[in-house]
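Trainee: With chain H held as given, fit chains Y and X onto it using these hints.
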Amino acid sequence: MNATEGKNEIIRISPAELPIRAMEMKEKGLRLSQACAAWVKKEERLELSYSFVDDTTYDIFNLRIELSDKAAEGETVKEGCGRDAEVASISGIYPYAAFYENEMRELFGANIKVIDPDYHNKLYRIKEETPFVPKKEGEAK
Amino acid sequence: MGVMTFAGTALKNLFSKPVTTSYPAEPAEYKERTRGHIEIEIDQCISCGMCTRACPCGTLSIDKIKGTWTINRFDCIACGFCVEKCPKKCLTMVAGYQEPGGEKGEVTYTKSPEVLAEEARKREEMAKKAAEAKKAMEAKKAAEAAAAAAGEKKDN
Amino acid sequence: MSKRSVIPYGPQHPVLPEPIHLDLVIEDEKIVEAIPSIGFIHRGLESLTDKRDFNQMAYVAERICGICSFGHGYGYCETVEHIMNVEVPDRAKFLRTIWFELSRLHSHLLWAGLMADAFGFENLFYQCWRVREKVLDAIELTTGGRVIFSVNKVGGVLKDITPEMQKMILETLDFVEAETKVLKKTFMNDYSVQSRMKGVGVLTKEQAKALGCAGPFARASGIATDMRMRGYAAYGELDMEPIISNDGDCYGRCEVRIGEIFQSIDLIRQAIAKIPDGELAAVVKGNPNGEYFTRIEQPRGEADYYVRGNGTPNLDRMRVRTPTFANLAGLCETLKGADYADIGILVVTIDPCISCTER
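Chains as they are written, first to last, in numbering that gives the first Met the number 0: chain H, 0 to 140; chain Y, 0 to 155; chain X, 0 to 358.
Hints listed in this document are in silico derivations from the structure and should not be mistaken for laboratory results. Virtual Cβ for every residue (Gly too), placed ideally from N, Cα, C.
Far from chain Y by the CB rule (all over 10 angstroms, computed), these chain X residues: (1) 177; (2) 230; (3) 271.
Which bits of chain X does chain H cover? Going by a derived footprint, with three or more residues having C-beta under 8 angstroms, they are: (4) 30-39; (5) 206-213; (6) 294-308; (7) 322-335.
Only chain H is shown next, with the shape it has when bound in the complex (with noise of 0.2 angstroms):
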């Protein structure tokens, strides 16, 4: 059997661009395979991460999105890009990625806009109060 381990590639990419690199994907036939949010605590960091992947040749191409209000050394946040940063919703293109998006938004406050279906941060009926990850500095607890 040839096994085909695929690329696995992540691309980094702006907020604003999302929409327009989705539509590439799914021109391209990809299907969405996951997306995802992580918390890098030590550089104070939001990653949105959309997994796109190919049914036939079995590569993953990544597109991250990184949200931070702290900038490397000599650098200033880039227009766009903090914490709070509008995403545009790609559930009008990959119409399941609703759930993804939706999960973020809930447990990692990425600051995702017009998500069809909105769960209104009720995706999961926990107790607990969301999003999970640190508040922003001068935010009231």
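Mentor: Frame of chain H, contents of chains Y and X only:
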């Protein structure tokens, strides 16, 4: 498209013995590797605490001075990580599951008095040695300080 | 047009195997739309990374699901191994493959039983689970657990399958194969069974693609995708082809899964014939630092794992995307236009595992 495809199986079923056993009237059969619950040979234990740090659900605790090893069997998930980590191999996974109970409770195993006495003696010895070493160190330091002071005087 | 009404369905409902809530818009007996909602059993296992180190997380990952537990443990370990550049010994790879396929066998037999139960064939359900019991016995013999194996660790496996055990597994496989052949006749040829499954909940290839379905659910609609073809573990050295069906209905899904039972039996036989001698685990030093995405084929479909380490024992993020999460959209599509009485079957045909979906 078939009809009566299941008739053979159903008929066979009618005339064969049940495949189930009437547990608990009949005892259950356990395999050799069955992860039922953890047992400890407490006298082999060196109270190193590897198992308590390994346990993913924090069910184990030890007390070095009292020589005890405590497990809350209702929290234990029988993963066997502590058995894997134990340097003295005094923990073992044995067959037989934890029986249900009215309330959660801990089980404490205490080392036998002889082992405890031996450990206490060793600890005392260690403490003595440490104290001696400390004394020696202090004496050395004092001597050094005195020597340094003497040297300074000479310079002046 | 007749009157539309909305019926709340679940989370507690006799036909549902797990707590999922559906808001069904129905017109007479036909479902017009289904809006799913989950979230009754979110356990927050992923955020346990804050409190447990990466070795302990292997055991936590395993307990995400009670049926595909081996796969979750394996997927997590493989991801961490990739980050840490650990070369797993060949024997461990083969052992993992054997256990993975045994878990697939028991999962598919469990599903076949649930399916029989869903279309009201209790006796067939007993028979499927009777066969499954032998698989569980083989698993208990080799790992010590019946459904939670706990044999994976970062770097390899903890236990070996001795030659006697291999012989026992082969005997079990012979038994399972013979019995499943008998049961297959009922599933595939029986008139009354076919009348419940044929043409019910049709999902075309285009729809399955557009909705991002994964695993046997997608393969039943003619999409030939199987993560095992990626060749992880020892799959690269075994012969296999994805099993597909072009029906796209419940019958097709049943056909795919029953085909996969025989495929798993074949794969285990191949793996046992080819298994090399060697070490069980590689030595792992240090802490993971980096990130990686892995995809593996669970019994229920494709599962994604994402691990991000930061150089400390506690990971920044462990993410598991379970197959049911991907198939929820497909489920709602199949429900549209279905009869109210078929909901039970349709929910079961995606082989749902809501507990692992919510983690």
